[in-house]
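Enquirer: Sequence:
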Amino acid sequence: MRLNRRQFLSQSSAAATASLVAAAVFPTAIAQGQSAVNSEIPIIDCHQHLWDRSKFTLPWIKAGSLLDRSYVMSDYLAAIEGTGIKNSIYMEVDVEPSQQQAEAEHLIEICKSKTAPTIAAVVSGRPASESFVAYVKQFKDSPYIKGIRQVLHGGGTPAGYCLQDSFLRGIRSLGELNLSFDLCLRPQELTDGAALAEKCPNTKFILDHCGNADPEAFLNPGDSRLTDAKPGHTADEWRRGLDRVASAKNVICKISGIVARVPKMWSAEDLAPIVNHCLDAFGPQRVIFGSDWPVCLNGAPLRDWVAALKQIIASRPANEQRLLLRDNAIRFYRLVE
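This note's numbering puts the first residue of the sequence shown at -16, with every later residue one more than the last.
Keep in mind the hints are simulated off the structure, nothing from the lab. Treat the hints with caution; some may be incorrect.
Quick list of simulated restraints, FRET-style, between CB atoms [claimed, not checked]:
| id | residue 1 | residue 2 | range |
| --- | --- | --- | --- |
| 1 | G215 | K45 | 13 to 23 Å |
| 2 | M56 | Q121 | 22 to 32 Å |
| 3 | T174 | S53 | 31 to 41 Å |
| 4 | D35 | P204 | 36 to 46 Å |
| 5 | D35 | H136 | 17 to 27 Å |
| 6 | S207 | V116 | 49 to 59 Å |
| 7 | S114 | P204 | 45 to 55 Å |
| 8 | P246 | K45 | 14 to 24 Å |
| 9 | G205 | D35 | 42 to 52 Å |
| 10 | P184 | S149 | 12 to 22 Å |
| 11 | I313 | S207 | 35 to 45 Å |
| 12 | P246 | A85 | 37 to 47 Å |
| 13 | I44 | A212 | 16 to 26 Å |
| 14 | D206 | S125 | 39 to 49 Å |
All values derive from a computational prediction rather than experimental measurement. Every residue gets a Cβ at the ideal spot worked out from N, C-alpha and C, and that includes glycine.
Based on the sequences and whatever the hints tell you, model everything.
Expert: See below:
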């Protein structure tokens, strides 16, 4: 059943329970006694962004865009109200490289305070730089800093960049320090991510944003919602690349990001092919959830993304839902709440 946007937003309001949402979208599954989403699962958001423009410079933000303002903790607390999100893991925001140390120190203080949902962080770093190993050594055994990310899908980063020797040395050092690396790649270069993981078998990786799949690539050719901006990949190209990454057992997949690219009129049904393929390819033990807030606002409010995901996973076993929404994050990031 396809819901139009007005119906979907109404159905996904904070007052609606997850079981009622599941019953509306998956009546057959509920009738057969299969699982609905347990609304009592305290969700861990593994991809929370925060930025204070008075403290940090983010060169990638376009002037006048939706993201061209500060997004701070009070904004996030308002965004997660009614969603079931109880804790979060901060994700670096590609600050000016000279501010990477300050970003890390700022997040450590937030985590230490225990006054916010944020209990751990993945911070920025440049694995190919000569100073990288010295920089990341400070985070060994940190209860708060769990990993590093360098965004690889920017226009200035060429294909194959992550496979150069200097980059490989930096990534291998993360494995020695028990720190992870987040893969944020163009869909056409997912095989680069797979090769990187295979060349660095002792390092743990997280594939961000379902491999940056574009929901428009999964629409029927005659769909009136298709825009002039063509997706950079086909659905089959993404599936092949995603399967290749999933074959590397030291990679997990973050179910995040895709809602930022939805067409103006959308439903959970539009995201289901991407989410379900990721869940099936990686298996229940290697998937985690991320909001990608506030970047998700380019497509929908955070609560709508959570509601859509709950609809998609409602017919899956209850233990698999809990693994995705919470337990895998605790195990993978070694969280102490």
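Enquirer: Hints first: check each against the structure and report whether it holds.
Expert: So, going through the hints one by one against the coordinates:
1. G215 - K45: 13 to 23 Å: With a Cβ separation near 19 Å, G215 and K45 satisfy 13 to 23 Å, so the hint holds.
2. M56 - Q121: 22 to 32 Å: Taking Cβ atoms as reference, M56 and Q121 lie about 24 Å apart, which means the hint holds.
3. T174 - S53: 31 to 41 Å: holds (37 Å)
4. D35 - P204: 36 to 46 Å: holds (44 Å)
5. D35 - H136: 17 to 27 Å: holds (24 Å)
6. S207 - V116: 49 to 59 Å: Roughly 52 Å apart at Cβ, these two residues keep to the hinted range, so it holds.
7. S114 - P204: 45 to 55 Å: About 49 Å separates the Cβ atoms of S114 and P204, which means 45 to 55 Å holds.
8. P246 - K45: 14 to 24 Å: Given range 14 to 24 Å: holds, Cβ gap about 21 Å.
9. G205 - D35: 42 to 52 Å: holds (45 Å)
10. P184 - S149: 12 to 22 Å: holds (19 Å)
11. I313 - S207: 35 to 45 Å: holds (43 Å)
12. P246 - A85: 37 to 47 Å: holds (38 Å)
13. I44 - A212: 16 to 26 Å: holds (20 Å)
14. D206 - S125: 39 to 49 Å: About 47 Å separates the Cβ atoms of D206 and S125, which means 39 to 49 Å holds.
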